[in-house]
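Based on these hints, arrange chain B on the given structure of chain A.
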Amino acid sequence: MMPSDNLTSYLVIALFLLVLGIYGMVRHRTLIGVLISGEFILNGAALNFMAFNRFLAPNPAVGQIFALFIMGIAAAEAAVIVSLILMVYNRYRSIDPAEVDDLKH
Amino acid sequence: MNAYRYMAEAGFFLFVVMVAYGGFVAMRARYLMNAVLGLSLSLLGVAGLFFYLGSQFLALMQILICIGAICIIIAFGVMVGPKPKPGEERRVIGSRNRLLASVACASGFCLLLAYILRANWTPAMKRSGDFSVKYLGENLLYQFCLPFELISVVLLVAIIGALIISATGRRKRADDA
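Residue numbers (the numbering used here), protein chains in the order written: chain A, 1 to 105; chain B, 1001 to 1177.
Extracted from the complex, chain A is given alone in its bound form:
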């Protein structure tokens, strides 16, 4: 069987996106970097839904609709988080997540 016609290969790619996003969330030292890593995780989830939709699901519209909703949620999330980051920068003069720690003290 060809790799492009196989459920497992798509699942492995989605898993790669998930792990990459988690690693990026740990590694990046700015809030915008964390937002970028979150986009990777969301896209891994969408790819997973599309793969199961293509190979297993009874109704092929459901997975596509769910992937569309994931894109809409990701767009809304990005808009809100970018404006939040700008406000955090105005207040703290930094977008390093380690320096935004008022609730810790």
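It is worth saying that the hints were derived from the structure and are not from the lab. Because the structure is a prediction, the values reported are computed rather than measured. Beta carbons: idealized from backbone N, C-alpha and C, even for Gly. Mixed in with the good hints, there may be bad ones.
Pairs of lysine to any residue residues, derived as SDA-like cross-links and limited to a Cα-Cα distance of at most 25 Å, are as follows [stated by the list, open to error]:
| no. | chain 1 | residue 1 | chain 2 | residue 2 |
| --- | --- | --- | --- | --- |
| 1 | B | Lys-1083 | A | Asn-6 |
| 2 | B | Lys-1083 | A | Pro-97 |
| 3 | B | Lys-1126 | A | Asn-6 |
Chain B is nowhere near these chain A residues, computed Cβ spacing over 10 Å in every case [as the list claims (entries may be wrong)]:
| no. | residue |
| --- | --- |
| 4 | Val-19 |
| 5 | Asp-102 |
| 6 | Lys-104 |
Structure of chain B alone, referenced to chain A:
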């Protein structure tokens, strides 16, 4: 006929390489704008994979929404945000922490990979293979009408919320000055 088949496989591997390379660029970037470019390359690869999964519509939407909207928003955030200080890039987390993070991520990857390879997926008994946009639209307007309306309300609330948050932030800075 077989040659076309192999060409399609080559295209698939091209998209996989795009996803992986974009991801590595986004993770290893020194400047945030390079990370945004890596993210958009990776999303373009995911759009190609959607095409291989039988949905041209979703591939187009991925390019329009994810690359055309989300990456542009993040790029704006990078541009109006703080200027990177010269010493800041070197202050990336220490090598011990990075080693711990990569070991944890690699072990999680291997764990889930073993589960994926061992799992036995069974397709549904009766499947309709209709991937057309017409069928998708009918489903969206009849069966999934409520989630469709909900997502538009969520988008509206998010836009208004983003406007309000950024407007109050600007007023506060004007007070400081």
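- [ ] Report the numbers of all earlier hints that the structure fails to satisfy, in ascending order.
- [x] 1 and 4
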